[in-house]
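Each protein sequence line maps, in turn, to chains U and R. Counting along the first sequence from 1, when you hit position 151 you're at 151 in our numbering, and nothing is skipped either side. Counting along the second sequence from 1, when you hit position 222 you're at 222 in our numbering, and nothing is skipped either side.
Since no wrong hints were added, every one of them can be taken at face value.
Below, a list of computed lysine to aspartate or glutamate pairs in the DMTMM-like style, where the Cα atoms sit at most 25 Å apart:
no., chain 1, residue 1, chain 2, residue 2
1, U, K455, R, E208
2, U, K440, R, E36
3, R, K39, U, D437
4, U, K440, R, D32
5, R, K117, U, E413
6, R, K117, U, D315
7, R, K117, U, E336
8, U, K78, U, D288
9, U, K78, U, E66
10, U, K455, R, D95
11, U, K440, R, D73
12, R, K117, U, D456
13, U, K455, R, E258
14, R, K117, U, E459
15, U, K455, R, D76
16, R, K28, R, D76
17, R, K47, R, D76
18, U, K79, U, E289
19, R, K117, U, E422
20, U, K440, R, D125
21, R, K117, U, E421
22, R, K39, R, E51
23, U, K440, R, D76
24, U, K47, U, D14
25, U, K455, R, D113
26, U, K47, R, D125
Far from chain R by the CB rule (all over 10 Å, computed), these chain U residues:
no., residue
27, R6
28, V160
29, S192
30, P202
31, T262
32, G308
Keep in mind the hints are simulated off the structure, nothing from the lab. All values derive from a computational prediction rather than experimental measurement. Ideal Cβ placement from N, Cα and C applies to all residues, glycine included.
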Amino acid sequence: MTAALRQISLEEWDRRRHRLREEGLVEPIYGGPLGRHVADGDTRLLKLRFDDSPAALRLWNFLLTEEDRLRAARESGKKLVGAMKDLGTVPVMAYSLDNLVAFYPDGAWWIPCVMELNTGLLQIADSLGIDESFCPVRAMLGAFVTEAHFPLPDLLTCSVGATCDDFSAIAQRLNGLGHPILWWEIPHRRQSEPGEQAVTLPGGFETPRSQVEFVKSELLRVGVALGELAGRPLDDESLARGIAKANRVRDLLDRLRHLAFTAPLCPMPALEMLIAEMLAIHFCSDRDETILVLAELLAEVERRVAAGVGHLSTDAARVFWVNPVADLQVMNLLEESGGRICGTEYLFAHALDPIPTTLGPMEALAQMALADPMVGSSFDRAARIVADIRRFGAEAVIVSRIPGASHCALEGEIIGRIVREECGLPVLEIEVPSITDAAKATLCTRLEALVETVKDRRE
Amino acid sequence: MIYAGIDAGSRAIKVVLIDADGSRMIAKAQADQGIEQGKLACELFEKTLAENGLQRSDVGRVVATGYGRNAIDVADTTITEITCHAVGVRHLVPDVRTIIDIGGQDSKLVRLDGNGKVRDFAMNDRCAAGTGRFLEVVAARLGIPVGDLGATASRSKSPAAISSMCVVFAETEIIGLLSCGRAGEDIVAGVQNAIASRIVAMAGRSVETPILFTGGVARISGMDAALRTALGQPVAVSPEPQMTGALGAALLARRHCENPS
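Using the sequences and the accompanying hints, generate a full structural model.
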């Protein structure tokens, strides 16, 4: 069985949008032709293939107008919080206060890809002594220097402790450039010792009660700083409301992922699913709009699943993808090679789990922070990946490495070994630089070979 | 009806023709790779047919593989070298469980199941440190033909320690070793060991035997011994080391013709 839908180019999208507008398409305030983002310098968009639904158009426009949103928020008197090395904790707290907007400066790691190295951000990082032996998130340094990609935040927070060495070095360099940072410590998640009280975290990992209490105290400290910035304290009632909204985002993503990964035909391509998942971390600087964007995307996916239409054919190789890619084009390449995404672990699986509402709000957030796959061992990550592989019925796993990133030098080997032992699936490890054009042929060979392997194993 | 496989590698193009029941290799041929990859492959294919008194119409199907596979217009379809090597190896040595393929520009480790199907694979990333390119660099630096590297290495009593992480760094090390008066045979043997250690790193902790060594580098004597030592396991050289991929492609051409689905 083959699919009825096809992915379209940026030029095709602009023509399609024109027709849709004539037929009555109403767009949000940030809507418009995708081509205008190329004029802004996002030239990589010209090489991507997009889903052709109005819901996808809205998603892309929402993503690509974040800078405008941040500047508008500042002009309207709101305070900006840059939540660094934070995959879904401080933003939940910040958005619990009406006049705060949190964003994710680390997201600048995609700018060299989207703008095809034209911004000079990496060269600025080089000049600051943070060269390409570091994670591509070093592009963030350049973004702070040029102030061209996001306004400087009123408060910068950054987790430290069980975080990557690279990121700590980059954030410290930023601090040294005169950008004060409120550091909060996240300890490496460990098993309880005999006699220690244990807590089972959302997602199933276990940790000692003392670690939860410590993280709670750190988050309380961050909460005080957020309250001072907002001009009113962050109380439990506000936080509970913020958690409820964050859970609405997570619920939408959970339903979206389940349908997208399990439907017989792929109802939403890998690229749009990656962007959608990323909204869980920091809501793309507008939590309420995130809910609307995801709700429309989910409705489109539900409609497609009900109608039995989708991208790719039913025999596409079902691939579980580990780690986000620096070059977005690689998600297209997987599909061009005959694979579809059936499960992901983009380093923030915990940010897709519901935040417990039966606990005190700060206790719940502390537990969520400790459930972060990156603050525990790669064996923990592998266990969760194995569980999700089974949940979504994946047939192969791709672990994509980020050049220079060091969250765990051996994670590919550890995850690969455990997946092979537990699931008997082929595991492919690839490295994806910010721009893959020069490596495209060899990358395609690997992806095509994986798809061939999956299909051969079915016979 | 016959079937053809074309392996467009980074250094050489290989063509294999097999007969209708796939049991016999009718012809094999090889030519240097160049800029016009599609044209060179087509010329070699046509020349091989002509030398064997065959016409294009005698060929039921052509499968192209290798790094330049997408440039070959005469091919009916393309299949990656991972799959083709597995099929070729299965045909030549049926019980093999691990293939080590070292070509001019990349290296691969392919794990097979008991039925000869690919279970898993790994390929080298961007550096050429585990590939034939490393040997070309050392050959050029020492002024030795690539074909003589094996004989040179066999004279070494004390292989030099050379970095396996980066060919460019390694070349600098070679210059340093030469300036210290280190013998060429020790340097070549050291490079062979460095390539072998990259393969071990790619293989991870478990390598199932039997292990078969394919690719152009398998023809260089001493490389199999370096791999044996590094892996601590027996390593056999494929009966057709450089033709394995093209053979697999030809066998797959036959299989596809018989079972188009």
